[in-house]
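Engineer: One-letter residues, chain by chain:
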Amino acid sequence: MTSPLRIGFIPLVDAAALIVAVDKGFTAAEGLDVTLVREVSWSNVRDKLNIGLFDAAHLLAPVAIASSLGLAHVKVPIVAPFNLGLNGNAITVSPGLHTAIMAELDGDRFDPAATARALARVVAKRRKAGAEPLTFGMTFPFSTHNYQLRFWMAAAGVDPDEDVRLVVLPPPYMVDSLASGHVDAFCVGAPWNSVAVDRGIGHILHFVADILVRAVEKVLAVRQDWSEKHPDVLKALLRAHIGAADFIEQPENRAEVASILAQPERIGVDADVIRRTLDGRLKISPDGTLRESNRYLLVGREGAGRPDPMQAAWLYAQMVRWGQVPLSGDALQTAMAVFRPDLYDAVQAPGQTAGERSEAIGAFAGPAFDARDIEGHLRAFAIGRWKPRG
Amino acid sequence: MRAEQSPKIVIVDESPIRAAILQEGLREAGFTGVVHINEMQSLLSRIYALDPDVILIDLENPSRDVLEQMFQVSRAVRRPIAMFVDQSDAASIQASVEAGVSAYIVDGLRKERIKPILDLCISRFNAFAKLQDELARTKSALEERKVIDRAKGILMKLKGLTEDEAYVLLRSTAMREKKKIGEIAQSILTASEILK
Chain P
1 MTSPLRIGFI PLVDAAALIV AVDKGFTAAE GLDVTLVREV SWSNVRDKLN
51 IGLFDAAHLL APVAIASSLG LAHVKVPIVA PFNLGLNGNA ITVSPGLHTA
101 IMAELDGDRF DPAATARALA RVVAKRRKAG AEPLTFGMTF PFSTHNYQLR
151 FWMAAAGVDP DEDVRLVVLP PPYMVDSLAS GHVDAFCVGA PWNSVAVDRG
201 IGHILHFVAD ILVRAVEKVL AVRQDWSEKH PDVLKALLRA HIGAADFIEQ
251 PENRAEVASI LAQPERIGVD ADVIRRTLDG RLKISPDGTL RESNRYLLVG
301 REGAGRPDPM QAAWLYAQMV RWGQVPLSGD ALQTAMAVFR PDLYDAVQAP
351 GQTAGERSEA IGAFAGPAFD ARDIEGHLRA FAIGRWKPRG
Chain H
1 MRAEQSPKIV IVDESPIRAA ILQEGLREAG FTGVVHINEM QSLLSRIYAL
51 DPDVILIDLE NPSRDVLEQM FQVSRAVRRP IAMFVDQSDA ASIQASVEAG
101 VSAYIVDGLR KERIKPILDL CISRFNAFAK LQDELARTKS ALEERKVIDR
151 AKGILMKLKG LTEDEAYVLL RSTAMREKKK IGEIAQSILT ASEILK
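Residue numbers (the numbering used here), protein chains in the order written: chain P, 1 to 390; chain H, 1 to 196.
These aren't lab readings, by the way, just hints derived from the structure by calculation. Do not rely on the hints blindly, as some may be mistaken.
Claimed, not checked - DEER-style ranges, computed between Cβ atoms:
no., chain 1, residue 1, chain 2, residue 2, range
1, P, Asn253, H, Glu60, 57 to 63 Å
2, H, Arg171, P, Arg254, 18 to 24 Å
3, H, Ser6, P, Glu302, 57 to 63 Å
4, P, Glu302, H, Glu143, 49 to 55 Å
5, P, Gly157, H, Asn126, 49 to 55 Å
6, P, Asn253, H, Lys178, 37 to 43 Å
7, H, Lys139, P, Asp108, 35 to 41 Å
8, P, Arg6, H, Lys178, 48 to 54 Å
To be verified - Using 30 Å as the maximum straight-line C-alpha spacing, the simulated DSSO-like pairs for lysine-lysine come out as follows:
no., chain 1, residue 1, chain 2, residue 2
9, H, Lys196, H, Lys130
10, P, Lys235, P, Lys24
11, P, Lys24, P, Lys229
12, H, Lys115, P, Lys75
13, H, Lys157, H, Lys130
14, H, Lys159, P, Lys48
15, H, Lys115, H, Lys139
16, P, Lys75, H, Lys111
17, H, Lys157, H, Lys8
18, H, Lys146, H, Lys157
19, H, Lys157, H, Lys180
20, H, Lys130, H, Lys179
21, H, Lys196, P, Lys48
22, H, Lys8, P, Lys75
23, P, Lys75, P, Lys283
24, H, Lys196, H, Lys139
25, H, Lys111, P, Lys48
26, H, Lys115, P, Lys48
27, H, Lys157, H, Lys139
28, H, Lys139, H, Lys111
29, H, Lys180, H, Lys196
Claimed, not checked - Only some residues are given here: those of chain H computed to face chain P with a beta carbon under 10 Å:
no., residue
30, Val35
31, Asn38
32, Ser42
33, Ser63
34, Glu68
35, Gln94
36, Thr173
Glycine residues also receive a C-beta, built at the ideal position from the N, C-alpha and C atoms.
With the hints as extra help, turn the sequences into a complete structure.
Structural biologist: Here you go:
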């Protein structure tokens with residue numbers, strides 16, 4: 001046995017590979033003694049990882065990048081040797097906003113271009129009527145949720161900083177805030193979208209896979225210096241995660257996985273809600289309408305676990321687009337270097353991955369993403385808070 | 001500059017007792033402008049309205065992430081706010097996180113002005129945790145006493161013992177079994193429930 005490890009997580013379904021790795025004995029089989037620590041905020045997870053109270057953490061991919069760049073906070077280089085999940089978020093809207101968007105819809109309701117155009121018309125009408133701007137909840141300034149909401153609405157000309165309000169809300173408060181009218185919509189991970197639908201106060205408008213075919217969500221994060229000091233522990237941890245992710249993806253294991261995750265000290269919601277998320281079979285409206293997607297949340301399948309620096313570059317481009325960081329070649333390199341496929345490959349023979357093709361992102365709007373020309377890529381989008389260089 | 005006189009401090013804490021303990025400590029140390037927020041709805045707009053120099057928030061509070069929004073370039077923000085993360089003061093940061101409190105400081109407030117506030121925070125948070133601990137211990141001691149009293153009653157009735165004899169029997173059994181008296185008493189209660 002190696003020295004005990006403390007790993008932080010937020011109670012969300014995309015912590016599945018970490019939780020199953022520990023609770024189903026994958027880490028113990030690797031000789032690791034892991035204690036999982038449930039946290040209440042991403043700020044806590046980030047700080048405890050940064051100052052060494054955690055050895056590893058379930059972390060928002062953009063937070064790992066922001067920490068390595070020292071954005072708005074202390075600069076601590078982080079590496080991500082494993083993706084805990086791809087996709088998995090959804091946009092949920094209040095019944096009132098749902099009705100308004102559906103009334104303006106000029107295309108397929110699962111086509112994000114069509115819903116964004118409808119949203120633009122709703123926003124314009126509200127402005128004309130002198131109504132308050134719509135408020136959208138998301139989980140953190142450096143979050144996929146923030147960028148996904150912005151990407152979606154800006155595609156139809158809705159400026160996320162001028163035309164609506166975006167506010168940070170802790171995930172456990174999302175549903176109550178939608179119910180009380182504090183927000184009109186939110187983008188969050190599982191289980192909270194399903195919880196809102198089950199309570200009859202929300203409609204799932206989009207799975208994030210509608211907006212981006214392949215979007216990295218949470219990563220297993222460790223400090224770079226820790227990864228260099230403990231290469232063998234890290235390898236053992238990675239093998240345990242890869243084993244757990246494979247276990248989760250076997251349909252016959254889903255019931256067991258859902259009951260492990262449902263434990264009160266883990267995610268603490270109904271196993272059935274978790275099962276729906278893992279199966280990609282979600283109730284999207286209070287009337288019971290079901291929607292299935294084989295891309296709702298990817299844990300391990302389709303090479304999901306292997307970090308792809310192209311994904312890090314795309315997230316960095318969003319940070320630039322929305323004015324969180326100036327465009328620089330050095331910063332781009334730093335961001336891409338956070339994602340470490342080499343560490344993953346050291347324990348797993350290269351398998352099926354998306355590689356460095358444009359489908360690595362698969363956004364519904366704009367040109368295919370090209371990390372070699374972020375400036376050119378961002379010029380294709382009319383709305384943004386960034387300034388071209390020179 | 002106002003910050004050079006007495007910095008305005010906001011405490012964000014859902015525990016009214018802990019907030020009161022901290023507030024009192026800060027007042028005693030001469031920090032007069034202290035406001036406590038325990039309502040998490042519309043937290044940011046309250047903070048913007050109060051315009052504090054220092055924000056203290058407990059780490060059990062999910063709304064910490066809401067505060068991170070203050071770093072973002074936005075029309076709503078008047079002054080940049082940075083977390084107390086001077087990299088040279090790692091020990092102080094670690095102590096505060098371990099005590100369960102975090103601080104956000106308006107840019108420009110001098111470090112020597114911040115240190116006493118943070119130190120006070122750490123000691124009061126630790127004192128509160130100790131109090132809670134003692135309370136929990138007292139509660140469980142009281143519970144244990146009740147269990148022992150009931151077990152004594154059962155022994156007195158079933159074996160015709162006096163109260164002192166019943167206690168001696170409990171204690172000697174506990175010593176022989178290398179268990180706590182409370183555990184032996186609990187197993188007597190459980191057994192008597194089953195055999196009822």
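Engineer: Now, for every hint given, state plainly whether the structure supports it.
Structural biologist: Hints, verified against the model:
Judged by the Cβ atoms, the range 57 to 63 Å given for Asn253(P) and Glu60(H) is violated: they are separated by roughly 34 Å. Between Arg171(H) and Arg254(P) the CB atoms are about 52 Å apart, so this pair departs from the stated range of 18 to 24 Å. The hint said 57 to 63 Å for the Cβ distance between Ser6(H) and Glu302(P), and at roughly 58 Å that hint holds. In this structure, Glu302(P) and Glu143(H) meet the distance hint of 49 to 55 Å, their C-beta atoms being roughly 53 Å apart.
At roughly 53 Å, the beta-carbon separation of Gly157(P) and Asn126(H) lies within the given 49 to 55 Å, and the hint holds. The given range of 37 to 43 Å is respected by Asn253(P) and Lys178(H), whose C-beta atoms sit roughly 42 Å from each other. Lys139(H) and Asp108(P) have their C-beta atoms about 59 Å apart, which leaves the hinted 35 to 41 Å range violated. For Arg6(P) and Lys178(H), the Cβ-Cβ distance of about 31 Å falls outside the hinted range of 48 to 54 Å, so the restraint is violated.
For a cut-off of 30 Å, the pair hint linking Lys196(H) to Lys130(H) is broken: about 41 Å separates their Cα positions. Between Lys235(P) and Lys24(P) the alpha-carbon distance is near 18 Å, which keeps this suggested pair within the 30 Å criterion. A distance of roughly 27 Å separates the Cα atoms of Lys24(P) and Lys229(P); the hinted pair therefore holds under the 30 Å criterion. With a C-alpha separation of about 21 Å, the suggested pair Lys115(H) and Lys75(P) falls inside the 30 Å cut-off, and the hint holds.
Distance check on the hinted pair: Lys157(H) and Lys130(H) sit about 41 Å apart at the alpha-carbon level, beyond 30 Å; violated. The hinted pair formed by Lys159(H) and Lys48(P) fails the criterion: a straight-line CA distance of about 57 Å is larger than 30 Å. Distance check on the hinted pair: Lys115(H) and Lys139(H) sit about 36 Å apart at the alpha-carbon level, beyond 30 Å; violated. Straight-line distance between C-alpha atoms of Lys75(P) and Lys111(H) comes to about 19 Å, which keeps the hinted pair within the 30 Å bound.
This hinted pair does not check out: Lys157(H) and Lys8(H) have alpha carbons roughly 65 Å apart, beyond 30 Å. This hinted pair checks out: Lys146(H) and Lys157(H) have alpha carbons roughly 17 Å apart, not beyond 30 Å. A threshold of 30 Å between alpha carbons decides the hint, and for Lys157(H) with Lys180(H) the separation of about 22 Å falls inside it, so the pair holds. A distance of roughly 26 Å separates the Cα atoms of Lys130(H) and Lys179(H); the hinted pair therefore holds under the 30 Å criterion.
Annotation: proposed proximity of Lys196(H) to Lys48(P) is violated, straight-line Cα distance about 52 Å (limit 30 Å). Distance check on the hinted pair: Lys8(H) and Lys75(P) sit about 28 Å apart at the alpha-carbon level, within 30 Å; holds. About 41 Å separates the Cα atoms of Lys75(P) and Lys283(P), which puts this hinted pair outside 30 Å; it is violated. Between Lys196(H) and Lys139(H), the direct Cα distance comes to roughly 29 Å. Compliance with the 30 Å bound is thereby established for this hinted pair.
For the given pair, Lys111(H) sits about 22 Å from Lys48(P) by alpha-carbon distance, which is consistent with the 30 Å threshold. Between Lys115(H) and Lys48(P) the alpha-carbon distance is near 20 Å, which keeps this suggested pair within the 30 Å criterion. Under the criterion of a C-alpha separation no larger than 30 Å, the hint pairing Lys157(H) with Lys139(H) is consistent with the structure, at around 28 Å. Our distance criterion of 30 Å between C-alpha atoms is broken by Lys139(H) and Lys111(H), whose separation comes to about 42 Å.
For the hint pairing Lys180(H) with Lys196(H), the CA-to-CA distance comes to about 24 Å; that is within 30 Å, so the pair holds. For Val35(H), the interface hint is violated, since its Cβ never comes within 10 Å of a Cβ in chain P; the closest pair sits about 21 Å apart. For the restraint placing Asn38(H) at the interface with chain P, the shortest Cβ-Cβ distance is roughly 15 Å, beyond the 10 Å limit, so the hint is violated. Taken as an interface hint, Ser42(H) checks out: its beta carbon lies about 8 Å from the nearest beta carbon of chain P, inside 10 Å.
A cut of 10 Å between beta carbons decides the hint on Ser63(H): the least distance to chain P is about 6 Å, and the hint holds. At its closest, the beta carbon of Glu68(H) sits 6 Å from a beta carbon of chain P; the interface hint therefore holds under the 10 Å criterion. This hint holds: Gln94(H) has a C-beta 5 Å from the nearest C-beta of chain P, less than the 10 Å allowed. At a threshold of 10 Å, the smallest CB-CB gap from Thr173(H) to chain P is about 34 Å, leaving the interface hint violated.
Against the hints set out earlier in the document, violations occur for numbers 1, 2, 7, 8, 9, 13, 14, 15, 17, 21, 23, 28, 30, 31 and 36.
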